[in-house]
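4 protein chains.
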Amino acid sequence: MDELKGGAPAVCGCRQKATPRSTALQADVQKRLNRAIGQLNGVKAMIDDNRYCGDVLTQLAAAESAVRRVSEMLLAEHMRTCVVEEIRAGNDAVVDEAMELVRRFSK
Amino acid sequence: MDELKGGAPAVCGCRQKATPRSTALQADVQKRLNRAIGQLNGVKAMIDDNRYCGDVLTQLAAAESAVRRVSEMLLAEHMRTCVVEEIRAGNDAVVDEAMELVRRFSK
Amino acid sequence: MDELKGGAPAVCGCRQKATPRSTALQADVQKRLNRAIGQLNGVKAMIDDNRYCGDVLTQLAAAESAVRRVSEMLLAEHMRTCVVEEIRAGNDAVVDEAMELVRRFSK
Amino acid sequence: MDELKGGAPAVCGCRQKATPRSTALQADVQKRLNRAIGQLNGVKAMIDDNRYCGDVLTQLAAAESAVRRVSEMLLAEHMRTCVVEEIRAGNDAVVDEAMELVRRFSK
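Heads up: the protein sequence lines correspond to chains A, B, C and D, in order. Number 5 in numbering that gives the first Met the number 0 belongs to position 6 of the first sequence; there are no gaps in the numbering. Number 61 in numbering that gives the first Met the number 0 belongs to position 62 of the second sequence; there are no gaps in the numbering. Number 15 in numbering that gives the first Met the number 0 belongs to position 16 of the third sequence; there are no gaps in the numbering. Number 18 in numbering that gives the first Met the number 0 belongs to position 19 of the fourth sequence; there are no gaps in the numbering.
Misleading hints may appear alongside valid ones.
Identical chains blur together in the list; that is why a pair holds if it fits in one copy or across any two.
Cut-off 20 Å, straight-line C-alpha distance, at most; resulting in silico cross-link-like pairs (EDC-like, lysine to aspartate or glutamate) [to be verified]:
1) K30 x E84
2) K106 x E71
3) K43 x E76
4) K43 x E71
5) K30 x D95
6) K43 x D54
7) K106 x D91
8) K106 x D27
9) K30 x D47
10) K43 x E96
11) K30 x E76
12) K106 x D47
13) K43 x D27
If you're looking for bench data, these hints aren't it; they were derived computationally from the structure.
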């Protein structure tokens, strides 16, 4: 089952990642996600409190930047593990899937 | 107190918004923020579950896009209310502050 | 003739800019556009020469960044002049047009 | 000489691309670059003519979008050829270089 399936890529053979992420990477990502969630909860409170637009937008930009950084970390890890493994296994279709992820990331 | 203060813009006279956001806009924004937070919690569970990179990145892109849309809505509201009011009041410095927000938004 | 016309905004009353850009701004913008055009001609030569992808992409990124900077300068000038003038003249529709330009800029 | 060299990546062994781009891709890219250059020359004329900001920004956005599309095409081609070849040759450093290009592309 190495083929790509439309809308639900299963390149690594299933929906799990073949090479698990390191404990360190997982911990770092979870910490960043917690921070982003905390910032968004902060924005919710600021909206309730009728806070000034500039301040709310600054907080939103911080949250967006945190989410983006997580995407970048996971994309880099994806390239270093899944993409390399699939290419070595002869499954070059993984490259088009990766470009699709890059395109979405760069929006 | 109409001046801009470095790092903590107080163009509207204080850190509250002079013209409160409409109840409808507040409700819409809070709903979108809740959805983004839900998506990020979903990502946390996917990381714990060693889910495939492509699926995690898709969920992260959805969250980022939700946050971005909120920023855009609040920036538009800011321009329609605070910026217009300050310009009419002769405080053109609000334009440079708005451009700074635009620059941050477009990163 | 103060209305917005679909696809061909004429907020300033006609397709000319009401307050001309300063000579200094014009010269700066033209210099930057010349540089971007030079960089794109450089990319064309690199393609003819089968140059390495990374080098071509670096040159393209420089050109894109130059074009983006010009957009940012003109958008800031637009806000400081046309937008302020129209708001003072009571034509608040200029704000929605400006947000549309911001949205396109931030793509 | 397969190593990456700071600032001047030579992953494919030299500054030429190991697998030449197809004639069709080259022709498509050159056509798009010509169009972008034409649009930038159009912007220069619009600046000389004091044209309305919104119209100038629309033209700039078109040029930027054309340049971006060329970057995307070349990045995809890079991944499909150089990156795959280098990974097969055991040179995994190409992945980090590719991520650096992705990061620059997504700015």
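Within, between, both or neither: how does the pair K43, D54 come out at a Cα-Cα threshold of 20 Å? Within one copy, since 12 Å is at most 20 Å while 27 Å is not.
From the Cα coordinates, with 20 Å as the cut-off, is the pair K43 and D27 best called within, between, both, or neither? between (25 Å within a copy, 11 Å between copies)
Treating 20 Å as the Cα threshold, decide for K30 and D47: within, between, both or neither. between (26 Å within a copy, 13 Å between copies)
Identical-chain pair category, K106 with D47, by Cα at 20 Å: neither (30 Å within a copy, 27 Å between copies)
Is it within a copy, between copies, both, or neither that the alpha carbon of K30 lies no farther than 20 Å from that of E76? within (17 Å within a copy, 32 Å between copies)
What label fits K106 with D91 when the C-alpha limit is 20 Å: within, between, both, or neither? neither (24 Å within a copy, 27 Å between copies)
Intra- versus inter-copy proximity for E71 and K106 (alpha-carbon distance at most 20 Å): Both, since 13 Å and 12 Å are each at most 20 Å.
Alpha-carbon proximity between K30 and E84, which holds within one copy, between copies, both or neither at 20 Å: neither (28 Å within a copy, 36 Å between copies)
Can you give me the call for K106 and D27, within, between, both or neither, at a CA distance of at most 20 Å? neither (24 Å within a copy, 23 Å between copies)
At most 20 Å between CA atoms: does that hold for K43 and E76 within a copy, between copies, both, or neither? between (32 Å within a copy, 16 Å between copies)
Are the CA atoms of K43 and E71 at most 20 Å apart within a copy, between copies, both, or neither? between (26 Å within a copy, 16 Å between copies)
Intra- versus inter-copy proximity for D95 and K30 (alpha-carbon distance at most 20 Å): This pair counts as neither: shortest intra-copy Cα distance 31 Å, inter-copy 24 Å.
Consistency with the previously given hints fails for numbers 1, 5, 7, 8, 10, 12, ordered from lowest to highest.
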